[in-house]
Amino acid sequence: MNNGDNNNSLELTRELVKSGARSAEQIASEYLGRINASGDNCFISVLDAMAQARDIDDKARSGFDGKLLGAVVAIKDNMRYIGSVTTCGSAILTDKDTEDCEVVKRLKAAGAVIVGKTNMDEFAMGSSNATSAYGNVLNPLDRTRVPGGSSGGSAAAVASGLCMAALGSDTGGSIRQPASYCGVVGLKPTLGSIDGSGMYALSQDMDQIGPITKTVDENRLMFEVLSGKAMEKAEVKGLTVGLVREFEHWYTEDTKRVIQRAKEVLSSIGCRFVEVSLPSADAAFATYRALGNTQSANNLRNIGTAQERTDKLGIEVKKRILIGEYVLAHPEIAERAKRVKNKIISEFAKAFNLCDIIVSPSAPSVAFKFTDDRNNKEIVYSDIFTQPPSIAGLPALSVPCVKGESGLPIGVQLVGKKNAENVLFEIGKLFE
Amino acid sequence: MLMTRQEFESLIIKANLNDADNDELFAITAQAIASLETLKLYDGESNE
Chain A
1 MNNGDNNNSL ELTRELVKSG ARSAEQIASE YLGRINASGD NCFISVLDAM
51 AQARDIDDKA RSGFDGKLLG AVVAIKDNMR YIGSVTTCGS AILTDKDTED
101 CEVVKRLKAA GAVIVGKTNM DEFAMGSSNA TSAYGNVLNP LDRTRVPGGS
151 SGGSAAAVAS GLCMAALGSD TGGSIRQPAS YCGVVGLKPT LGSIDGSGMY
201 ALSQDMDQIG PITKTVDENR LMFEVLSGKA MEKAEVKGLT VGLVREFEHW
251 YTEDTKRVIQ RAKEVLSSIG CRFVEVSLPS ADAAFATYRA LGNTQSANNL
301 RNIGTAQERT DKLGIEVKKR ILIGEYVLAH PEIAERAKRV KNKIISEFAK
351 AFNLCDIIVS PSAPSVAFKF TDDRNNKEIV YSDIFTQPPS IAGLPALSVP
401 CVKGESGLPI GVQLVGKKNA ENVLFEIGKL FE
Chain B
1 MLMTRQEFES LIIKANLNDA DNDELFAITA QAIASLETLK LYDGESNE
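Chains as they are written, first to last, in our numbering: chain A, 1 to 432; chain B, 1 to 48.
Simulated from the structure, these hints should not be mistaken for laboratory data. Take these hints with a grain of salt, some might be off.
[Stated by the list, open to error] Quick list of simulated restraints, FRET-style, between CB atoms:
#1 PHE273/A / ILE13/B: 26 to 34 Å
#2 LYS14/B / GLY39/A: 35 to 43 Å
#3 ILE13/B / ILE269/A: 53 to 61 Å
#4 ASP58/A / LYS14/B: 21 to 29 Å
#5 GLU9/B / VAL85/A: 31 to 39 Å
#6 LYS263/A / LYS14/B: 46 to 54 Å
#7 GLN204/A / GLN31/B: 22 to 30 Å
#8 GLN31/B / LYS263/A: 18 to 26 Å
#9 GLU275/A / LEU41/B: 17 to 25 Å
#10 ILE82/A / GLN31/B: 22 to 30 Å
#11 ALA234/A / ASP23/B: 15 to 23 Å
#12 ALA234/A / GLU9/B: 49 to 57 Å
#13 ILE13/B / GLU15/A: 31 to 39 Å
#14 GLU232/A / LEU41/B: 37 to 45 Å
For every residue, glycine included, the Cβ atom is placed at its ideal position computed from N, Cα and C.
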């Protein structure tokens, strides 16, 4: 769809369908054609989009309106949609869903056409989408590279115009890191701000559904629909911006440019920069590993027989289940991880006494190649900047910021105080 | 934190898997479990 001067394809679609200038069916048909023609493996399944679109057209003719009227939206394949198999990117799940998850209900109520379910790392365990039982998703910006993960199918689908918006889920960076790799906008909202009922849980203490879009305005609209909250306009001129001292040793030439660009953009509206400290930030990875995998082991315990689990679960999932079992057998590790988690939360609280938002790169590098050595530091720790805010339950928005190696994008991560998504959207727009 | 092969085999049973002979899985799991040692540094127990 040609958006002209409007950078919100969702609002434009609503106007077109409402006025009768275009039908939801015509629009859905165009997107289905693109999905069928795409070779990037973004989708695991395509849904009954034409039937949904015809239903929306009928309702629109009878006066129905919704914020997402006729909008073509994809959901990650860990979210239940009635009549579909929610695979979680795994070969072990084959049963059809008997009801919609909460976010699907909200999308439908807003008039969206849910076009399909996107590919993902198996059970959301990964940062490359390469652990999916349904094959690799290709990054549309460079098909020799990963799209990121675990919501890689959602980010790649938005980047290549196969949907107007997509839902991802983020436990330690699974929306923001693929958004950074694919050059799109991804929000990990405040923990609990969007109802995750009906989604397969990875780690329910950190899992958060959020939107992936091409623009910040689209992201804000999606968040409003999904959370039921109206975003009030925030005054962002003159804010104090925190830069994390402990992140600096991770910076490369590319990610230093993210910080430089952030300084240029935010200085232009009178923001000032202060150094803040998160001394335990580098422990976020181990904290996430201990606490998250314990919940994963419990969540997956009753899925399949021993032989089915052995044959059908991938090695990354098995590894994480075993880590979880190990921590369950050594409760002192979980206790230690909980104390470190509380330290991270406390350090963020202290940091936010000094600043209004915290800025960092979203990822330590551009998207890596499928053939790159997975022991590379930037790959092993690709969530290094995104995990600390996840552990603290804070909202964080990734917006494309600079071009790094090979001209590929790296996002800037904007971390806010709890429920300050409106501030992140206002700041995020400045980078577009 | 070091995971022995015997402990790995015990975890495999708890996890309802038949992968006791899977050397690759043992290696990557042992490496991941060793990384949990990091927590001690940040929990103020590095001198234990």
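To see whether the hints hold, each was checked on the structure:
1. PHE273/A / ILE13/B: 26 to 34 Å: 54 Å, violated
2. LYS14/B / GLY39/A: 35 to 43 Å: 41 Å, holds
3. ILE13/B / ILE269/A: 53 to 61 Å: 59 Å, holds
4. ASP58/A / LYS14/B: 21 to 29 Å: Given range 21 to 29 Å: violated, Cβ gap about 53 Å.
5. GLU9/B / VAL85/A: 31 to 39 Å: Holds - the Cβ-Cβ distance for GLU9/B and VAL85/A, about 33 Å, lies within 31 to 39 Å.
6. LYS263/A / LYS14/B: 46 to 54 Å: For LYS14/B against LYS263/A, whose Cβ atoms are near 50 Å apart, the range 46 to 54 Å holds.
7. GLN204/A / GLN31/B: 22 to 30 Å: 26 Å, holds
8. GLN31/B / LYS263/A: 18 to 26 Å: Since GLN31/B and LYS263/A have Cβ atoms about 38 Å apart, the given range 18 to 26 Å is violated.
9. GLU275/A / LEU41/B: 17 to 25 Å: Holds - the Cβ-Cβ distance for GLU275/A and LEU41/B, about 22 Å, lies within 17 to 25 Å.
10. ILE82/A / GLN31/B: 22 to 30 Å: 41 Å, violated
11. ALA234/A / ASP23/B: 15 to 23 Å: Check failed, 54 Å falls outside 15 to 23 Å.
12. ALA234/A / GLU9/B: 49 to 57 Å: Because 55 Å falls inside the window, the suggested range holds.
13. ILE13/B / GLU15/A: 31 to 39 Å: 60 Å, violated
14. GLU232/A / LEU41/B: 37 to 45 Å: Once the Cβ atoms are compared, 42 Å apart, the range 37 to 45 Å for LEU41/B and GLU232/A holds.
Consistency with the previously given hints fails for numbers 1, 4, 8, 10, 11 and 13, ordered from lowest to highest.
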